[in-house]
Structures are given as structure tokens and as C-alpha cells.
Amino acid sequence: MPSTAAALEFDEISKEYGGFFHTERVKALDHFSLRVERGEIFGFLGPNGAGKTTAIHIAMGLMFPSSGRGQMLGARFGDVAARRRVGFLGENVALFHRRAARLIEFYGALNGMHGTHLRQQTLEMLKELDLMAVANRNAGKFSRGMLQRVGLAQALVNNPDLLILDEPTSALDPIGRVRVREIILRAREEGKTIFVSSHLLSEIEQICDRLAIVIKGRVARVGTVRELLESQERFVITATGIDALMFEGARQNGYVKITVPALHQRSTIEKIWLAGGEVIAVHPVRRTLEDLFVELAHQNGGSRKEKIDGGHE
Amino acid sequence: MRVVLLLAQNYVRMQWVILLIMTLYLLGISGVFSVHQQRQEVLFFLRSQPLYVLFIALMLAVPAIEADRKSRRLLAVLSKGIHRWQYLAGILCGCGMMTAFFSFIVWAMAYALCRRGGNPTEGLGLLAAALCASGIAAASAGLLYSTFLHPLLATAAAAGTLLVPVAFTTERMANSAANVFFPVARMVDALVHYHFGLVEGLWTIIITAVICAVAFLAIASAIFDRRDVTISPE
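Protein chains in written order, with this note's numbering: chain A, 1 to 313; chain B, 1 to 234.
These aren't lab readings, by the way, just hints derived from the structure by calculation.
Note that the Cβ used here is the ideal one computed from N, Cα and C, for glycine as well.
One or more hints might be untrue.
[Said to hold, decoys possible] Simulated pairs of lysine-lysine, DSBU-like, Cα-Cα distance not exceeding 35 Å:
#1 A:Lys127 with B:Lys70
#2 B:Lys70 with A:Lys27
#3 B:Lys70 with A:Lys271
[What the hints assert, rightly or not] Among chain B residues calculated to face chain A with C-beta under 7 Å, some are:
#4 Leu6
#5 Ser71
#6 Arg72
#7 Arg73
#8 Ile82
#9 His83
#10 Thr161
#11 Asp228
#12 Val229
Okay, chain A solo, but in the shape it has when bound (with noise of 0.2 Å):
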């Protein structure tokens, strides 16, 4: 284990959900731990009502856990302090309706900064996000992607050390989501931790160097991307001078592409050197993102949260 704090850490942390007069009690967060270094880019993903903004309001102090605990930069969930040094953007974006320019002043103001420091800083947002523009407009008035963006800027105005996003492109536009990503890999590059939630699993696979799959408020697999995608079960044999149709393999651009179990792989490899063929590569074979969602989802019987005193979902 690192030293150092972590950037964010939740440790066995759960969360009950109380009906009205308590009827129906669910449990979003279940024993939930994880740990987040400093200047990763961590990707959270999870079916829908797996827990994900739970464990992410637990974080930033909006919510209160049931039972265990964490820390954000070194300080417990919802320290003040800690916060003015994170930067958070919410799933659905909802702020106040004022000029662009004068809201993302407005929150950076609430995070402690003042006078040129604060209207530099704005400044520097507005053209980051393409949004010098309509900085005198009222962002009421802004459509889903022009609000996202000032979503964005006003988590960043603070020049936070930690980001955390929940859907930050949910509603961008292709140029937007290329700029976005530029953002969290500049934020990388200048030692800021980002954890970035979304379900644009294509996304993540890009940006991210580790990441956690949450279902049914716990943490189903955590680890690297090459990890998490690469079976080590599974090998692809790239081969060449051989009868594709001898090692029930498939030709590719003049090449043969065989795939088989780790336990078969040496064995395979002799037999196209006995069949007087070369073989070019071997590699474990990567799923996409996508397959291992959808696996672990089906895994663990769903995505819903499960409900404390009816039984599962």
C-alpha cells in the first residue's frame, strides 16, 4: 500500500435508504471500498442504480454513509477544506440562472477565490470551453450541452487537485467530448487525480488508467484497463505459411489468427512449427469494455439496488 493519503478512499462503507415511514428500505452501498491514487484517471462505472452517485454525493459531504468511512484528500468525506481543492460536476447539471461568466465567478467565489485571480481563472474557463461566446448570456436559457460546459468550468475554476465528474459528456456534442477529454488528460499531466463516471464505456476504455465496475453497491472488479481486458485465459496465435483451415483459424490480411485456451497455447504453437509455419504474435485475448460490463452485470443478477427487507430485486 502507497503512503501517502489516497485522493479519494471509501472503506466498508454502506447506505440505507428509508421509504416513507421506512415501508421499503434499499440498500444502494454495500461494504463498499475502494481507493483512488493521486493523479490517476479513474474511471466509475456501474449499471443504472448501482450506487455510483451514491458513493460519489457520500464523497463530496452531500450524503452521510450508514456505516464505515472515507476520506477525500487526506481529510474525512465533507471536510470544507477539502473541498474548496475539489472540483465536482454532478449528473443533469442544474445551476442558477445568471450570466455564464458571472456563475462561474459566482462558484468560484463560494470555493474561497477573489478579485483578478478569480475573474483570470473565469476568463481561462470560458475560453477552455468555448464559452466566450455566450459569457454574458443567461445560462437558464442555455441548451443541455452549452450548460454542461458550464458545468464544467465552474468545477474547474478553483484549479482543483482532485475532479470529479459524473457524466461529464452525457450531453456534449462530439467536439465537446474531444475537448473534454483533452481536459482530464491535461489534468493528468499537471499531477491532478480525476475520477470520472460515465457510462460511455468507449470513453473510459481511452482516458482512463484504472477503473472500478460497481453492481449492486459493491465493487466488482477494480484494476487496470489491460488487466480488466485482457483475459489470461485466452490466447490469439497470429501465424503465417500455415492451412488456416488445419488450426481452425481464421485468415486475416495474409495472416492466420487462431485462438485458444492458455493451456493449449504451447501445444499450438509446436504444431505450426511441425506444419512448417512461423509464428508471427501472441497475444491474450482483450474483451471491450462493453463484454466485461455486460458479463459482470449478468454475473451478479442485474443491476437494481436491492431491497433490504424484500428479499432481492
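Following the hints, put chain B in place on chain A, whose structure we already have.
Chain B alone, transformed into the frame defined by chain A:
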């Protein structure tokens, strides 16, 4: 303090429709009363209109948290480096600003009406100050109950708490020690029985109203500090 003022200013900005309507109403009703300058009519203005100010102060504070919560605007605010008490103080301060503005209009209109009708104007300023302080106390009670109750229930609970002595008094409220702790009820009582000139006990109302507002805010903060402010959309 800067954060509280920022939030207060933002709150007032968000309530511009109410601010505009109430201002137009007060100016309009003053215009209507200015046509008639009989003593009884001016007295009716002075007895009735400040009650609306108290009511508006309560009604401004009660739905504030719920509105921010339901619109999810609360997330962006409370995720910043601010304490929850600062958020509540911002709302209360905003309500206070609006109440002060309405009280000022009531005072200005009452002063003008009294002058035109040849009625005494002394004590009107203190009455407006007491009205403002009572309005803030009413808003703080509304805010307190709205931290854990639905706005409808919070309105009923706050009104009940503030006006308990009025419910049990058939004549004038006695100046007893127990009633001192109900500045809003005393203010209502003073307004209903107002008859020009100086009103006794207004300074007591102002002081106890401020104490009540601070106490209610402290209790509201303690409760709000322990509550989940969002429900997961999942």
C-alpha cells in the same frame, strides 16, 4: 461572511419576481389609500399591510431549501468549500434583505399617508424596524422547520410556533415574561391594536426577534448538518 453575503445576494436575485410583485403591490395599495385620507383608512393600512410583510418573510424562507434541492442546484453550491450553516445564513440574510426592503416601503408609504392626513408619524420608524426584525425571526423559524419538514408542514409548524400566544389570547397580549420569547406574536398583536403614536415594547420585540433568529438559525444548522441533502437519482 463574504460567502453568506454572496449567497444572500444570489438568493435575492433569484426572487426577483416576488420582489417586483410585492413592491408593485405595496406601491399600488398605498396609491389606493392615498386617495382616501380618513384616519380609519390610514389606520387600516398601518394595521394590515405589515402583516403581509411578516407572511411574505415566512413564505420566502420555507421553500428555499426544497427548491434548491429539487432543482439540484444545491449540489453545485454545497459541493463547494462552504459550511452548511453558511448556506442557511445566506438564505436568511437574503430573506432579511427583502424584508428590510418591504419594511422600508411600508414605512415610507405609511409616513407619507400619515403626513397627508395630518396624523402623527412618530414611532413609525421604530415600528418598521420591529417589523423587519420580526420578519427575519419569522423567516428563521420557517427555515428551521424546512430543514426537516415538507414546505407545507414547515409553514404550519413555523406559524404555530411563532403565534402560539396569539392563539391563547382573547384580549391584548399580556406583557408577561413568557410572551417575551414570542416576538412575532407580539409584533402581530402590536400591529392589530396599533393606534398611531409610539408603541410600547418595540425595542424588546427587536432584541428578542434578533435573538430568536440567531437561535433558530443555530438549531437549523445543527439539524441540516446531519441530513442528506440529495437523494440519488438512480
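Evaluation of the provided hints:
1. A:Lys127 with B:Lys70: holds (31 Å)
2. B:Lys70 with A:Lys27: The given pair, whose Cα atoms are some 22 Å apart, holds under the 35 Å limit.
3. B:Lys70 with A:Lys271: violated (67 Å)
4. Leu6: Constraint on B:Leu6 satisfied, holds at 6 Å.
5. Ser71: It holds, given that the least Cβ distance between B:Ser71 and chain A is near 5 Å, below 7 Å.
6. Arg72: Holds, about 4 Å.
7. Arg73: B:Arg73 check passes; min Cβ-Cβ to chain A is 5 Å, inside 7 Å.
8. Ile82: holds (6 Å)
9. His83: holds (6 Å)
10. Thr161: With a closest approach of 24 Å, the B:Thr161 hint is violated.
11. Asp228: B:Asp228 check passes; min Cβ-Cβ to chain A is 4 Å, inside 7 Å.
12. Val229: B:Val229 check passes; min Cβ-Cβ to chain A is 5 Å, inside 7 Å.
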